[in-house]
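Taking the hints as your guide, dock the two standalone chains into a single complex.
Each chain, written out:
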Amino acid sequence: MSQLYEGKKGEKVLFMGNQAIARGALEAGVSVAAGYPGTPSSEIIENLADVSKDANMYVEWSTNEKIAVEVAAAASFAGLRSICVMKQNGVNVASDFLLHLVLSGTRGGMVLIPCDDPGALSSINEGEARQFARLLEIPLVEAGDFQEAKDMLKWAFELSEEIQNLVMFRSVTRLSHASGSVELGEIPQTEPKAQFNYKGFILDPVEGPVVSVPVEYRHGLQQEKLKKAEALFEESPFNTYAGPENPEVLVITSSGATLYSREAIHLCNAKDKVGLLKLGTTFPLPTKLIAKHLKTTDKILVVEEVLPFMEENLKVLAQELAPEVGQKTFYGKRSGNIPQTGELNPDLVAAALAGILGQTYAPQDQEYQTKAAQQAFFNAPVRDLTFCPGCPHRASFWSIHNVLAADNRDGFVCGDIGCYSMAFLPCGFSSLKTLHAMGSGTGVASGFGKLGQFGLDQPVVSVCGDSTFFHSGMPALVNAIHHKSDITMVILDNSGTGMTGFQSHPGLPVDAQGNESPALDIPTICRALGATVEVCDPFYPHKTQQTFHKLLEMPGVKVLIMRQICALSPEKKGKKQYEMSVDETICMGENCGCNKLCTRVFRCPGLRWDEEKKTATIDEVICAGCGMCAAICPSGAITRKEVA
Amino acid sequence: MGTATLTKDPYNLIITGVGGQGNVLASRVLGNLLSDKGFSITIGETFGASQRGGSVMSHMRISAGESWSPQIPKGQADMVVALEPIEALRVLHTYGHPGVKVISNTRSIYPVGVISGDSKYPSMDELQKTIEGLTEQAWFINATDAAMELGNPIFGNIMMVGALAKTGVLPIDRDGFEKVMLRTMGEKKTPVNLKAFDMGAEMIN
Numbered sequence: 001m002s003q004l005y006e007g008k009k010g011e012k013v014l015f016m017g018n019q020a021i022a023r024g025a026l027e028a029g030v031s032v033a034a035g036y037p038g039t040p041s042s043e044i045i046e047n048l049a050d051v052s053k054d055a056n057m058y059v060e061w062s063t064n065e066k067i068a069v070e071v072a073a074a075a076s077f078a079g080l081r082s083i084c085v086m087k088q089n090g091v092n093v094a095s096d097f098l099l100h101l102v103l104s105g106t107r108g109g110m111v112l113i114p115c116d117d118p119g120a121l122s123s124i125n126e127g128e129a130r131q132f133a134r135l136l137e138i139p140l141v142e143a144g145d146f147q148e149a150k151d152m153l154k155w156a157f158e159l160s161e162e163i164q165n166l167v168m169f170r171s172v173t174r175l176s177h178a179s180g181s182v183e184l185g186e187i188p189q190t191e192p193k194a195q196f197n198y199k200g201f202i203l204d205p206v207e208g209p210v211v212s213v214p215v216e217y218r219h220g221l222q223q224e225k226l227k228k229a230e231a232l233f234e235e236s237p238f239n240t241y242a243g244p245e246n247p248e249v250l251v252i253t254s255s256g257a258t259l260y261s262r263e264a265i266h267l268c269n270a271k272d273k274v275g276l277l278k279l280g281t282t283f284p285l286p287t288k289l290i291a292k293h294l295k296t297t298d299k300i301l302v303v304e305e306v307l308p309f310m311e312e313n314l315k316v317l318a319q320e321l322a323p324e325v326g327q328k329t330f331y332g333k334r335s336g337n338i339p340q341t342g343e344l345n346p347d348l349v350a351a352a353l354a355g356i357l358g359q360t361y362a363p364q365d366q367e368y369q370t371k372a373a374q375q376a377f378f379n380a381p382v383r384d385l386t387f388c389p390g391c392p393h394r395a396s397f398w399s400i401h402n403v404l405a406a407d408n409r410d411g412f413v414c415g416d417i418g419c420y421s422m423a424f425l426p427c428g429f430s431s432l433k434t435l436h437a438m439g440s441g442t443g444v445a446s447g448f449g450k451l452g453q454f455g456l457d458q459p460v461v462s463v464c465g466d467s468t469f470f471h472s473g474m475p476a477l478v479n480a481i482h483h484k485s486d487i488t489m490v491i492l493d494n495s496g497t498g499m500t501g502f503q504s505h506p507g508l509p510v511d512a513q514g515n516e517s518p519a520l521d522i523p524t525i526c527r528a529l530g531a532t533v534e535v536c537d538p539f540y541p542h543k544t545q546q547t548f549h550k551l552l553e554m555p556g557v558k559v560l561i562m563r564q565i566c567a568l569s570p571e572k573k574g575k576k577q578y579e580m581s582v583d584e585t586i587c588m589g590e591n592c593g594c595n596k597l598c599t600r601v602f603r604c605p606g607l608r609w610d611e612e613k614k615t616a617t618i619d620e621v622i623c624a625g626c627g628m629c630a631a632i633c634p635s636g637a638i639t640r641k642e643v644a
Numbered sequence: 001m002g003t004a005t006l007t008k009d010p011y012n013l014i015i016t017g018v019g020g021q022g023n024v025l026a027s028r029v030l031g032n033l034l035s036d037k038g039f040s041i042t043i044g045e046t047f048g049a050s051q052r053g054g055s056v057m058s059h060m061r062i063s064a065g066e067s068w069s070p071q072i073p074k075g076q077a078d079m080v081v082a083l084e085p086i087e088a089l090r091v092l093h094t095y096g097h098p099g100v101k102v103i104s105n106t107r108s109i110y111p112v113g114v115i116s117g118d119s120k121y122p123s124m125d126e127l128q129k130t131i132e133g134l135t136e137q138a139w140f141i142n143a144t145d146a147a148m149e150l151g152n153p154i155f156g157n158i159m160m161v162g163a164l165a166k167t168g169v170l171p172i173d174r175d176g177f178e179k180v181m182l183r184t185m186g187e188k189k190t191p192v193n194l195k196a197f198d199m200g201a202e203m204i205n
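As you go down the protein sequences, you meet chains A and B in turn.
Residue numbers for the first sequence follow full-length UniProt numbering, so the first one is 1 and each next one is one higher.
Residue numbers for the second sequence follow full-length UniProt numbering, so the first one is 1 and each next one is one higher.
Pulled out of the complex, with its shape left as it was, chain B reads as follows (with noise of 0.2 Å):
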């Protein structure tokens, strides 16, 4: 093991948004990041029926020890990484607590019941108030606009990991993001991916 050290063991991640928005692979990149690092990882995630338009999460222990379940006990996330604002809720009401941080996406993507108009979808102003009385601090950035200034939204995740990198919270460096694309995604797509790190890293104040 490095020099990293966690601020809590195990350190507990979530990583939640909508099927199609890469919340998968973000899990992957920072499990493999972590990992190279020495830690203990394990991911849980929900795919498969989930990714056609419902809710995806993914739950992520790190440790300096022991391997831990790969489902979050309720109460129990440190950090919440929303690719989508409402998603963000739906987890701080499990899995939240006085003390959750969060990182949201701005973007909204309707669920399916508020385009037929059998629900609404809360204004911006107000989900983001919502976030912030239930957790002890959170960022809101909007990653999907910045993306498709890189030219696919996609790329939203990895800005939503370059902004986790920046808030501090855990040992997450450029180099160790850049060795883990360079190995899972080539070198022809490393340097767009280091563009999306960065521009998600210049959003957290």
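Bound conformation, chain A alone (with noise of 0.2 Å):
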């Protein structure tokens, strides 16, 4: 058992920023979690789940966010405590229930998570959840360490109670995946009791139905709640101030900007002149808190990850303010003072920083830093992202590419989110050619497929996991069956949500709390849509390849489930099925040989190519033994041989 559930009130521990909101969930006694998989919000559900039969808790991972968001919901209309956990682009999928959530109420606290990920570290965009809060017109508290992170969540579900509303909770990559540490509060020993109440009048909040109508009348009632939160912002322990009394430049901050800020004002020394304005609490702004910090200064610098959100917000309460505080002058994203895209650090801070105080900020020694440069440059080769050695969809690209270049009709790949969507990159023979959300290859693809009207005559082929498969490709794939679209859909199954860490999705026998559940079989599903279905292993490149050739010739819908368990699924991490070797006297890697095929095109890690014998080598400690090379060498002088 993990210090998460076990861990004692008063006990100081290191904890990931996700384990700390988890055990807040923990400590706010929190009956129902559920999310979707996304990084980097993964591990509050996974951790959840891990104790959810101690802590008497429903965990689930739904099929999609807004699955996510009902699930929890329903939770709440029962009086339970309850939260659902996404990243940023789960919010956009939830957004249409949320619309109506916010209208209808909640009754036990329900807490919204997004995670976002400033900068994109394993993301295809870098929107962020923040805008929706003001767009669902709900309370969003940003913690700024981890402490707060554990602390701040218990008190989001007094503060939903109190106004009957979602609040929304929202994290950072730096928050949800760093660490730090962590005094332990109690967690409660309660057995809450669920029952829907719904026999009242129709606008009884506690008594009535759960309904977002009448819609003017809700609407205002909601904004009367937002504004009840601003006035208990006023008075949340979660917004501090830190430095002089009259500061030369107030530093408005949150979330994980804070500590690039505390730092920045320590690396520019600036610890008397620099006062740090947290704030916990960033939409509503509270605004005579707002206004008391504006009075000591009339220098302010906004800093937050990633669009100017608090900044416009600060600058529409300054104008309102302006005969009680006077005119300010605002540093940040609109002067160009702070980066409006990527990811900040203390460094770009401090810069910011020091520029307003007329200093200079040169983080690294000079003479070092063109050193270190060139010797960077010429000795450390840039390390691209790839697929893992044994990876699955190294090998069903492979067999894609090479069927598309043969069939040479200019037929091309419309990808979707997972490890897959790296294949818009030579690790995936730069297949992929459109690349959007989840789901929306076999729905682009869809489209595509109905313009040959138009005289598109290439074909058509889209990507999707497995767990995309079920989170939206179903109502994409029903949609190029319903109107007798020409694609051909392959589903990578590599049997979970692999890039997230394995979790459990509809087609898996086994749920997030590790029960047995019942497993949905993808090739019925698809049969019983009306598409025309095969199977095959990619490890298996001949097979494959005569496969999707023939489905590609074929009419109107086809499915092909491209399955292989993924080489990091515990089952098959570590564990080689094959011992590869290479033949030296046959390989013909250079001299009017295939000229490195193996090494120059198909580019698994496991691969070396020998300078001095001029032949392929395996490399022990990272080949993984998937046998594919083997399979793929011309002269067949790469072999495998069973390991025992």
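One thing to keep in mind: the hints can contain errors.
[Stated by the list, open to error] Calculated pairs, EDC-like style, for lysine to aspartate or glutamate (alpha carbon to alpha carbon, straight line, at most 16 Å): (1) A:K641 with A:D610; (2) A:K371 with B:E136; (3) B:K120 with A:E612; (4) A:K292 with A:E234; (5) A:K371 with B:E132; (6) B:K74 with A:D365; (7) A:K12 with B:D36; (8) B:K37 with A:E11; (9) B:K120 with A:E186; (10) A:K12 with B:E66; (11) B:K37 with A:E183; (12) A:K228 with A:E183; (13) A:K9 with A:E186; (14) A:K371 with B:E126; (15) B:K120 with A:E611; (16) B:K74 with A:E367.
These are computed hints drawn from the structure, not numbers from a lab.
This is how it looks when you write it as structure tokens:
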């Protein structure tokens, strides 16, 4: 049993931000937690699932984020506390339900936890959930460190119950995936009872049905709740100030940027002239508190990630407060002092602060920096992202690419989100030509597949992972079938939500809590929908290519399931199926041979080209023993021997 | 807090390597060990997409006082522990300064661009000289080969932890390590990790 549940009140532990959030949920007495995996949010649900049986919780990986919010909302309607967790993109998916939920209101405390990814460290966009707080007109709170990540979540539940509406608790990668010291609180031992009351008057918020109508009445009520939240924010212990009474510059910040700002003040050696107002409650802004601080200075630097969300809200307030606090000069994103894209760091904030203070900030010794830059340029070759050794995706895209190339009609692949997104890179033979949201590959392909009417005669292929198939691939497939679109959908079934750490999904025989669950069979579903379906193993490229080619020639919607377990999955990791070797006498990578097909084109990290011997070699440490390189070697020099 | 003290506060440690080398685990073990001694620890990590064959880096701030940023400011690393040698050089480029120290594994993992022939991997001699020229002190150990003796290259990460302990730059002791192992890995896996820790320490002169 982990410290997450066993840790006693008062104990100090090193927790990852997501563990701190999970502990906060336990200390808040949350009964239901639902989410969909997505970096950097996944460990919150994972950690809660691990302790769910001891903690008397229900935890699930929902089919998608909209359903996760719906599942969590049901718990709230029945009087229980619930959270729903997702990466930022998930809020987009859930937003339709959310816009209705904030009108109907909630009962048991309910907190939405989106984890944003400034700098897109593990994403293909850097959109942020904060904008949704304004759109949804709900309170937004953001933790400034690891302790607060735990403590604020508990407080967010009290707030949600006080105003009877959803509260957004936003995290970012550098909090969720960073670790810091946390002092634990008490986990309450309660046995909450679920009961959904609906027999009261339609407008009764506790006893009536939960609906979003009458809209104008409920919208007004919702705005009153937001005003109440603002009043509570005025006294929040999570809004703190450190610095002189009348600072030369006031830094206003929140979330992960708090730690950068604090360090930047230190780097500029400016503790005696710069004040730091850290806001935990970032929407709506507490007007009186802001007014009090605006009065103390004329120069304000706003530090936040990514867009000028707080900055714009602060400027509106400052304009309203101008008669009371005077005219202020704001520095931040609009002024160009702080970048408006990417993630921040202490250096960027220090440079901005130094500029305003009339100082210079030179982080690195110039001579050293020049020398190190030169050395790194010549001796540290770039490490591009690639599929892991033994990854079935490399094998799948090898076949997809080769068949499309041989077909010679400019066929292309529409992709979406997963490890296989990387197939737009050389590791996937640059196969993906469109790449957008979850499930979008098949949706976009469905559209392309109807353009024959306008002369489009290129073969249209989509790829979709097994978890993505259930998340949002199915409606796209249904659309393609119903509209007789001509597409070949390849489902890259690696038996788990691979990219985020093998979370369960509806196609697997187990749920988040480890219970046996009915596994929904993807081929059966696709056949029932009306598609022509084939299943193959991408580690057998000849058969795979034959099957794919046959499907490509057929009209209508075809589904090819390329099934092979992820090389990193717990059941496969570290276990080689084959011992690989290269017969140096047969390898003809040079001298009128294959021109290093295995290393130059296939590019598995487990292979190396030996410049002296002029042959391919196997890197024993890296090779995962999948056997695929033996299947592609044209001269049969690479051989595989089954590991006993 | 015990008697342990820091040579510098905050002490800035970077652990770097390639996805799959156990970088994150090494940083967690060290973080837990130093946290047990009463230090305030912040660790910033890059993983997720970066674990797919890319460079992985953990920034650790160790302080007797407050929490520091999960990203170390440029040019302010005190020690770089590299599970892969060119990753040491990559980190020095951004976070190095003339007083920095490095412990590097000597076993290379070729970037995909090197495998395909688009770029060249330097010789180990050249790489060692380059790293020595950019550091106050540098140690090179073949942790991967030693780990293979224990049956799995993954133990290279714990050997690097043992090596770091032996350099004495941080208050890391074998007992503290054992305590963390027992708590996080359990009794069954602790002995082999202790062995890896000892083997790493022995490789530092």
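Results for each hint:
no., hint, in the structure
1, A:K641 with A:D610, "22 Å, violated"
2, A:K371 with B:E136, "15 Å, holds"
3, B:K120 with A:E612, "14 Å, holds"
4, A:K292 with A:E234, "11 Å, holds"
5, A:K371 with B:E132, "13 Å, holds"
6, B:K74 with A:D365, "10 Å, holds"
7, A:K12 with B:D36, "9 Å, holds"
8, B:K37 with A:E11, "13 Å, holds"
9, B:K120 with A:E186, "56 Å, violated"
10, A:K12 with B:E66, "14 Å, holds"
11, B:K37 with A:E183, "15 Å, holds"
12, A:K228 with A:E183, "30 Å, violated"
13, A:K9 with A:E186, "5 Å, holds"
14, A:K371 with B:E126, "15 Å, holds"
15, B:K120 with A:E611, "11 Å, holds"
16, B:K74 with A:E367, "14 Å, holds"
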